[in-house]
Amino acid sequence: MADRITLQVARYRPDAGPEQTFQEYEIPCRKEWSVLDGLNYIKDHVDGTLAYRWSCRMGICGSCGMNVNGEPKLTCGTFLSHCGSGPVRIEPLRNFPIIRDLIVDISDFMRKLVSVKPWVIRAIEKPLSEGEYRQTPQQHDEYKQFSMCINCMICYSACPVYALDPHFIGPAAIALAQRYNLDSRDEGNAERMDVLSQHEGIWDCTFVGECTKVCPKNVDPAGAIQRYKLSAALDTMTSFFMPRGGR
Amino acid sequence: MTPTHDVVLVGGGGAGLRAAIAIAESNPRLSIAVVSKVYPMRSHTVSAEGGSAGAIAPDDSIDEHAYDTVSGGDWLSDQNAVEAFVKEGPEELLRLERWGCPWSREPDGRIAVRPFGGMKKKRTWFAADKTGFHMLHTLFQTSLKYTSVVRYDEWFVTKLLVDEGRVQGVVALEMATGKVEAITARAVIVCTGGCGKVFPFTTNANIKNGDGMALAYRAGVPLKDMEFVQYHPTGLPFTGILITEAARAEGGLLINKDGYRYLQDYDLGKPEPTPVLRTMELGPRDRLSQAFMKEVAKGRTVDTPYGPVVYLDLRHLGEKLIITKLPLVRELCLEYENLDPITELIPVRPVVHYMMGGIHTDINGATPLAGLYAAGEVACVSINGANRLGSNSLTELLVFGARAGLAAAEHASTQKDVGPAVAAQAKDEQRRLQDLLGKTGGRERIAVLREEMQKTMEESAGIYRAADSLSRGVAKLRELQERYRNVLIEDRSETFNTERTAALELSFMLDVAESMVNSALRREESRGAHQRTDFPARDDRRFLAHSLTRRGSDGSAQVDYLPVTITRWPPAERVYGR
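Chains as they are written, first to last, in the working numbering: chain C, 1 to 247; chain L, 1001 to 1578.
FYI, nobody ran anything at the bench for these hints, they're computed from the structure. Take these hints with a grain of salt, some might be off.
[To be verified] Straight-line distance between alpha carbons at most 30 Å, and here's what the computed DSSO-like set of lysine-lysine pairs gives:
| no. | chain 1 | residue 1 | chain 2 | residue 2 |
| --- | --- | --- | --- | --- |
| 1 | L | K1320 | L | K1257 |
| 2 | C | K43 | L | K1439 |
| 3 | C | K126 | L | K1087 |
| 4 | C | K217 | C | K43 |
| 5 | L | K1087 | C | K31 |
| 6 | L | K1320 | L | K1294 |
| 7 | L | K1325 | C | K217 |
| 8 | L | K1145 | C | K117 |
| 9 | L | K1439 | L | K1122 |
| 10 | L | K1121 | C | K126 |
Looking at chain C on its own, in the form it has when it is part of the complex (with noise of 0.2 Å):
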């Protein structure tokens, strides 16, 4: 690989102006270098002003998910020796207002996520004095992959019904729904179905599957959504199910 690369970096700074516009940064290309790092030798080194999100640097706190030459990745994740010689595009994640330059509004996404209820629900909680309620491994994996998600966005930003319909409530925030809903400790089923079917988007996720494919942490949103659908039919068939069973 070339010992230097070209990073096509986004920048807009609403004070400055209303236009996103592209700066390009020749910066060293080191093979162990992720984007990220690569984005720190411009904040240290060359500019200043550059504005990102980043923090734990090894794909757990979902903070610097960012396009990558047009796809969605955690760019501690990504490295620039993937990026073949260059120029790598670097943008905000599509689908939500942008801030300044990488840094995207996600305020929207923290509302929905509230709204799904994301906590164990339950009519009686037995003391602690009685110890764990027991949950098998097998029922453990019931829910294991839907509890990996990172809340990174990836998801919402490939994510072409979000896209187009603001009010979908999203990828990320029904995995979570159906985190808690097949645990096995939970009880709050029929409340968080209540919440879901009230946002129609839903019915609009034609099952194309980009979230899924773009999680960086394996979770398959897209599975929790057509498992939910297939719920939500079967408890409302008559009155919600039928009218919109022929989109």
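Based on these hints, arrange chain L on the given structure of chain C.
Okay, now just chain L, sitting in the frame of chain C:
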């Protein structure tokens, strides 16, 4: 209008969220603000891997957990705090089970526990090797159901408001807009975690800048035991990404360049084919990191472009165990080292991981400043003494997060409203932050100052220290403080100005770094993670005591001492593997 709450939490990681839930449950009428510079689920608790200790196995007892903790801490732990910790730990972990934490289970559905370094029994609860991630998301998602918890996401706290001898709130910068506001409160709990980024090579996330430690220090609150810095023995070279101790608990072996299990040469026991508790690879982190340094001196490590390494060997554990119990280890090795631990050796070296020291608190998280509380890594209660045992910190943030929450709630209920003087302080702080943005003539790049600080810390306050290197560190940090006055800020925008916040973080780190080198220079003994080549023995006569570092009026660090609380375990020799 100034937003006002009963309790303001600075930081929304494990400790902060546990505190918020404790307050919300104990008194639903109290208004709680969680002010965090990142969205709570981005907090660094997310990166914790191996597990969280709590004695529940039939052959275990809380007394044994206490003894392991006290001996692991080289007798610098306050034993009354340790006793509360081991007693309340299991209930806290069970409470998390109620809230949905996906703890790994035995085939019959009971909670599973695994061995961990320095622990004589299996008592570490785990969620595969993503324990911190699952705990944080469980706490965050559970916190969402309490309407009394108001979040200030991506608000950066720059100052504590103090008047009439009590804390009355904070000043915070809304990062998206640049707006600076006072958020007033009757009690404040600082839960901002550690400060690994004062060192060049650390497992810590970019956000770990000692913000809360510096906020308290500047408000006149002492920092305790800051000389005790934990190096985790197994970090990946270059990135510093942590390979969890659970890898050794499951049977991973540490070998040098000759394939030799070198820990047997350092009074850690004999090599056995399977893990033996409190022995060899399951010794405490301080001793393992020190053994590595001695291997370097003997020329028995492997040189790489990122420094000397030894190897962690998991190959004999087999694919099934690695995939079910250590999936993150494999993921990280594949992604960041381009190797598969099922078939290849993992290069590792010691890496700065955790601060035993922090804001001086009592057993309820209360600091000497009325209304100010602290919990989690930012605080020093102290249960960890001179060396923390792996898997005690996640339990600590639950136990002391809850305790601090309850104590702050109680305090807030008895306090009168915020006084008028804080408005003027907030105005001054607004002006200071504005000036930073409009600053001209700066010539010192943030990254240059930061790198010099990090290099200084590694050279003066690394695994082994001595008076001469520490003295050079003290002088160099003074110089960097001076140079910081000329810091260069190119970014003039009010909108998400990460250069301004990076400058503020650097300033926090410089203060914290000074407290570390000064307390390390004054402690003329070797204990736990603090190893002085010029004072190689533990000295209980002079130093069975916590250091307390206060900030002098000229900004210098002033160190004095506080006796350790001993209840049932008189100081003795630390024994591993025999």
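A quick look at each hint next to the structure:
| no. | hint | verdict |
| --- | --- | --- |
| 1 | L/K1320 - L/K1257 | 27 Å, holds |
| 2 | C/K43 - L/K1439 | 19 Å, holds |
| 3 | C/K126 - L/K1087 | 20 Å, holds |
| 4 | C/K217 - C/K43 | 28 Å, holds |
| 5 | L/K1087 - C/K31 | 49 Å, violated |
| 6 | L/K1320 - L/K1294 | 35 Å, violated |
| 7 | L/K1325 - C/K217 | 16 Å, holds |
| 8 | L/K1145 - C/K117 | 7 Å, holds |
| 9 | L/K1439 - L/K1122 | 56 Å, violated |
| 10 | L/K1121 - C/K126 | 28 Å, holds |
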